[in-house]
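Given the structure of chain X, go ahead and fit chains F, E and Z onto it with the hints provided.
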Amino acid sequence: MEINWLKVLGILITPVIAFIVGVTYGGLTRIITARIQNRFGPPVTQNFWDIVKLYSKKTNIQHGVMQHLAPVFAITASITTLYFVPVIRESTVFTNLSFQGDLIFLLYIMVFGSLGMALGVGQSGNPNGAIGVSRGLSQMVGYEIPFVLAIVAIMIQFKTTNLNDLIAMQNNFNHWIIFQSPFAFLAAILAFLGMMGYAPFDVVVAPAEIASGPPSEFGGKYLGLMMTSRSIFTFAKLTLFTDIFLGGAGDFVTLVIKTFALYMIPVLTGIVNPRFRTEQSIRFFWAWPTVFGILAVLIVVW
Amino acid sequence: MFSISGIFITTFVSGLVAFLLHHSVPKIRDWFSIVIMGVIVYAVWELPVKANLLSFKLANYNLVFGNTEYGRLFALIVAVLGFFAILYSKDFMEGKPRLGYFYMAFFFSIGGMFGIVYSQDLISLFFFWEIMTWSSFLLVIYCCKEAQKIGLKYFVFSAIGAYSIMTAMVVLYSSIGSLQFADVFAGFGKMDFWSQLLVVVLLLMGFGVKSATMPLHVWAPGAYRITPSSFTAIFSGALSKMGIFGIGLTLFKIASATGFYPWVQEILAWIGALTALFATFYAVFATDAKTLLAYSSIGQLGYIVTGLAIGTPLSIAAALFLTVMHAIFKGMLFLATGAVYYRTGTTDMTKVSGLIRKMPYTFLTALFGIITVSGVPPLAGFSGKWMLYESLIQSNHYFLVVVIFFSSTAAFLYLYRYIFSLFLGQEEKETENVKEVPWLMRIPMLLLALATLVFGVAPGLLLHPVSAAMKYLGDFGVTYQTSVLFNEWGNKVDMLTVANTIGVVFIIVTIIITIKGYRSTRYVTTKDIHTSGEVPTENENLTYAVDFYKPFERALGSVLKASVDKIYNATGRILEQSFDYLRYVYTGNGQTYAMYVVLFLTILVVFSELIFGIKL
Amino acid sequence: MNLTPVQFVAIPLFAAFLIPIVAKISKEAVKYIPGIVFLYLAYVAFTLFPKALEKPIVEIIAGFKPPFGIVLYFGPTAAFLVSMVMVVGFVIWLYSFKFIIREPSEKYYMLFMMLITGATGIMLTGDVFNLFVFFEITAIAAYSLTAFLRDKDGAEAAFKYLLIGSFSSTFFLLAIALIYSNTHTLNMADLAVKMQNVDVTTKLFILILFISGLGIESELFPLNGWAPDAYSQAPTPVAAVFAGIVVKASLYALLRLVFLMFNWSEVFYLLLVLGVITMLVGEMSAMRQHQIKRMLAFSSIGQMGLIVIAFSIATVPSLQAGFFQMVNHVLIKSLLFFSAGYLVFHSGSKDISALDGLGKEKPITSFFFAFGALAILGLPPFSGFWGKMFILMAAGNSHLLLVVVLILISGIIEAVYYLRVISRLYFYKETTKEVRRTPVSGLVAMGILTVLIIILGLYPNTILAYLKPAANDLLHRTEYINAVLGQIHL
Amino acid sequence: MIFYVTSILVILIGIYAVLVKKNLIKIVIGLSIVDSGVNLLLISIGYVKHGTAPIFSRPDLTAAQMVDPVPQALVLTAIVIGLGVTAVALALVIRLYDHHKTMDINKIRKLKW
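Residue numbers (my numbering), protein chains in the order written: chain X, 1 to 302; chain F, 1 to 616; chain E, 1 to 490; chain Z, 1 to 113.
Each hint should be verified, as a subset may be incorrect.
[Unchecked claim] If you want the ones that stay clear, here's a sample from chain F, every Cβ over 12 Å from chain E, calculated:
1) S3
2) V35
3) G115
4) E146
5) V171
6) A186
7) D288
8) D348
9) G460
10) T521
11) D547
12) T587
[Unchecked claim] The following residues of chain Z were derived to be distant from chain E, with all beta-carbon distances above 10 Å:
13) L9
14) V67
15) T77
16) A78
[Said to hold, decoys possible] Facing chain Z, from chain F, some residues (calculated, C-beta under 7 Å):
17) F579
18) R583
19) G588
20) N589
21) G590
22) Q591
23) A594
24) M595
Note that these hints are calculated values from the structure, not bench results. Note that beta-carbon positions come from the ideal geometry of N, C-alpha and C, so glycine has one too.
Only chain X is shown next, with the shape it has when bound in the complex (with noise of 0.2 Å):
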């Protein structure tokens, strides 16, 4: 079968961009909150180069295969995440391999890398991280209820799974899914917050508390590695997200406007709001967000 090479080329090239554009947002979020604090902030490019600085550390310390293959499995659900999300909506360069998976898939996809994250810091030992990836997973539970409740009501309203329908579906300004089912889009973005991790819901890194959580234990390439698939996934799930709710991208401008505006929603709520308890976080997404999803469902019902 003769290899399509646009589709090879926008292989190789979609995971680059997504760092680049990954990088560059968590630059400007830290400037941005510096500004808010009314300090300067870092240049933008601050994350690239501590990224860079990792990647070049002399001596890397593992505690095992687990522990070593932990950023290994992140990245991996990072840019598989990345393929199955079309990323600029008719160019072959950037629909990847999006026809092959659904919506189902990539839910389950993005707990890949927790999953496999989880295992490498259980191996390293530290009980900092053991009690992070806790406090992760019971979040995780927390937000993923009005996150699949939003879903839900989209699939059965759009009467399909798969992502490119729904963007196909969302041609022009006034149908994109987030006027037609609104409610759908508050839940997902307020499971958003939660899947960012920023303030309200950082008790999983919380630094005063468990030392970083998870990554305590992760030094030099690995957590370089961390970092770049921590920002290709941001993209990824911005991507996503645009996609679902915003009627995907036609070129690569709309795509950085739409997912920037994305993004700061969860880094502004971050700066001006202080740290939830596990089971405060738990509630609170069991409480508005989930009502919110019930009733995109119901309105869809009838």
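Below, chains F, E and Z without anything else, positioned relative to chain X:
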């Protein structure tokens, strides 16, 4: 040898021979059972699919045995899992007492399961159902004094289940006149409403006990924990499938002919979903690994019951696919826990930790196990879960989807806890000299792990027999290719591309990260960690094992207090006391007995008009 | 030496009176007499069985023609019951061969033969007063056998049995007085004909007297006060004879009379209710027993309740099921009593708690006990399963769903207390005492019973073929009357 | 007719004795009273007014003049049986007294529940 009677005879006779042989040279006994089981697996595979292979008349009922596609699927599960368990138990049971008793009960329960799966009429099904029950009972009480109460509870619950099937059979016989599957399925539609309802409820209850659906699951955690691990794999892998086999038959062959079928489906679906939900909650807070796995398998059975209850072709395919997968990964996980028990002597998660470096193969099996159970893509669990969700969404069971999804995400919690507390974390002092389990125990575990990978990449291989079985149930067709799954709306997921992408990316990045600075990466023991200053001493184990999900528990709050178990124990005690008062009727005084006789006579005379309808 | 039914009664009686004489000559020879008698009679039973299937053999004794003289009716039912008695009798004799009794054994064997004479007499006789006489023979033999062990409880149990047993004989005699005053005949077949024109109230009185009189002997609920004490205090082989043969003979007598003379549906309904209550009370009180023999006694009362239920449904399949369950009960209950006997003898005390860990010390006997327990629960490979299932199917056919449910509930109760004992035997205490042998004759007896149970379990057809004519014979009286009175039509 | 009434009365007295009296011996006596009452009833069934004993002592006797012989035969056996039972009962009472040293039936209640 390759007829049905051949299979039955070899299984039961080899059970007896194993019992008699256990005094002789152990070498023969173990290999004898392994060889026999291998022959049986081949025989089951070869058995032609014909409805009436063996039948004999017995006091105006005739018992018919035949092999149907649906039966063949379950028979294969039983045979293959049985073979692996026997292979595993050769070393696992080394040096344990009463080995002959163990092998006899083992073979009898497998024979019982074959009987159920191959029977074509209710009497033979009930006959072998009872054999399966009491032989598995013998294995539940096998180990120790503490097992007696649990065994008794198991027997009483299975007796309640079996006797509800018996009552259903009696009702069917009195209104249809024959208990052959063909006549029952045909004649069921003509029965009056109330007896139809009664029969369906009784059959579902009877089969529900064995597949541990919620209100009747109370026996399962104790029974799974106390049976020797090699049989627990069969117990949860194959025995519970007999319940599913029965529920499948009742739903699609019997209940579908009735008017209230949609109601039955709806209620059963919700029962399955709630079973999954509550079982997962109990699993999260279990401290013993086997109890955790027991609740987890109750949860998985809940999914299968929901799948069957939904009734769309895709959901039945999902249910049957998950049945086979459940047998595989539950078998795997119980064998892995058994390996841990074999080496460390305990399965209490708070006592054991850090076994990964000493038991790598067992860790690998457990890893594959939890990935499959959690339904994460590359492995087979995902296809089952995917089909289940698609079918739920397409058949407009919205809130059911959410409950199922909630319980499957909560499944991550206890799965992580299982592998973390047993294999990861810091090494225990006592488990210093633990070695990997012998090869004969590793082979079944690794083969099962391989199976999850193979079916993960190409679910079509398993969907082929599953769709054949579905044809027997009620000619439901489902479209599939060897590695691409479709749902009713035409969306698809290509497992091959998924596996390829994950595989390729994984290998490339592993190569990069291992090569980059290979020399400078240093292995350090788990004691050498950043603990802000105070370095942990040698015998101090910092693994966080106790109260692992305390915050989650606080979030759930009082939901966990409600447990059906308390109610059952209370009823048992009250009944026992009431029987106590009853026997005081026998006062021991001869004269009172004489008084009873005269009283009886006078009552008969005085109330004769009432009793005999004749005026004095 | 032509084979006639009267030998079933004559030979055991003759043997009973021969034993004391032979004992004068040699104590040892006495032990073998019952065995020879049983073997010979079993041979007679099996040769006569096929003949009885075609045409019931009617034996006229002492020349008087039926309505006047005593007559023995050897129909399919009687043939079946007698052969059952002979087989089980032989096994019980085998068991008691070595059963160490401090008493002089010839007394034991003489009473034992008397008991068998009475039981076979009940099964064969066609005359009401003759039935009463055989009843009294069995009763007296039973009283003295219960008190055979000279201990304190034996006497107490025997006295209670005697007290209630004499009530039973009084009621029976009153019934015969009433019958004779109205119909001036004692021959059962003749009675069946003449009872038609007896007025209803006296007929009712006769029925009530019969039910309470014979009910005492066949352990119906309010009347079975004596049973637990008698079973638990009598020596083990005697308890097996009681459970196996005596109670069955009296139940057969009650059913023969009821089927012949009183064909009202209310009677069967009353019997059904009594059977259900007996079963439930029997099982429930068995659950809380501390002594193993008393527990077995209550369990056999429960099983008797089940058999009464089967018979009172009064359809041919239900009678067939009833007979099948009778055979089951005889075989399994004797096996349980035998093994319990040795276990109690070995562990020193009758309490169940004393049985801990006996599985190790006496592996074979405990295996037999566990086997018996599994069989009586009605678990598949054993004959108990088919018995219970036929009864349930028969009850189902007559739409007695509640009865089916109650039978199953009592089955669960039964499972609880039997499995408790089994687990106590095998799993409670790991004792390392050396294994003590049980006498060979006991093992052989129990072995025969186990083999019979397995054969019946796997191939129930063997005896099912014979049960159908037996059920017909008992249920339809016309055939009985024609055979006895010779074509004097109704 | 009078015979039926008396015999039933005797039976009732016997039953009263058995049920109410505490002493073992009295119970056994009660039993034999019941027995004789029943025998009386049996005999009175066969009674024919002015009938003579059913033996052909004189050639001219016809069956009609005789009393019905069958109940008398029954009573013969019943009496023998009654004797047997009472004998066994008394033997048991002796042994009970040896062991329990009491005649009161309420005290002999070791086998219960």
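If we take the beta carbon of S3 of chain F, is the closest beta carbon in chain E still more than 12 Å away?
18 Å, holds
Is it correct that the beta-carbon of E146 of chain F has no partner in chain E closer than or equal to 12 Å?
9 Å, violated
Against chain E, does A78 of chain Z hold up as non-interface, every C-beta pair farther apart than 10 Å?
6 Å, violated
Could you let me know if the closest chain E CB is still more than 12 Å away from the CB of G115 of chain F?
The claim is violated: G115 of chain F sits with its nearest Cβ about 9 Å from chain E, within 12 Å.
Is the Cβ of V35 of chain F more than 12 Å away from each Cβ in chain E?
The claim stands: V35 of chain F keeps its Cβ more than 12 Å from every Cβ of chain E (closest is about 24 Å).
Examine each Cβ of chain E, and state whether all of them lie more than 10 Å from the Cβ of L9 of chain Z.
Given that every Cβ of chain E is farther than 10 Å from that of L9 of chain Z, nearest at about 14 Å, it holds.
When the least beta-carbon distance from G590 of chain F to chain Z is tested against 7 Å, hint result:
6 Å, holds
Checking the smallest CB distance to chain E, is V171 of chain F really beyond 12 Å?
Violated, since 7 Å does not exceed 12 Å.
Against chain E, does T77 of chain Z keep a CB gap of more than 10 Å to every residue?
T77 of chain Z is in fact no farther than 10 Å from some Cβ atom of chain E, at 6 Å.
Would you check whether N589 of chain F satisfies its interface hint, that is, whether its CB is within less than 7 Å of any CB in chain Z?
5 Å, holds
Any CB of chain Z closer than 7 Å to the CB of F579 of chain F?
The hint is violated - F579 of chain F has no Cβ within 7 Å of chain Z, the shortest such distance being about 11 Å.
Supplied contact hint for A594 of chain F, tested at 7 Å Cβ to chain Z
Check passed: Cβ of A594 of chain F comes within 6 Å of chain Z, closer than 7 Å.
Taken one by one, the earlier hints fail for this structure at numbers 3, 4, 5, 12, 15, 16 and 17, listed in ascending order.
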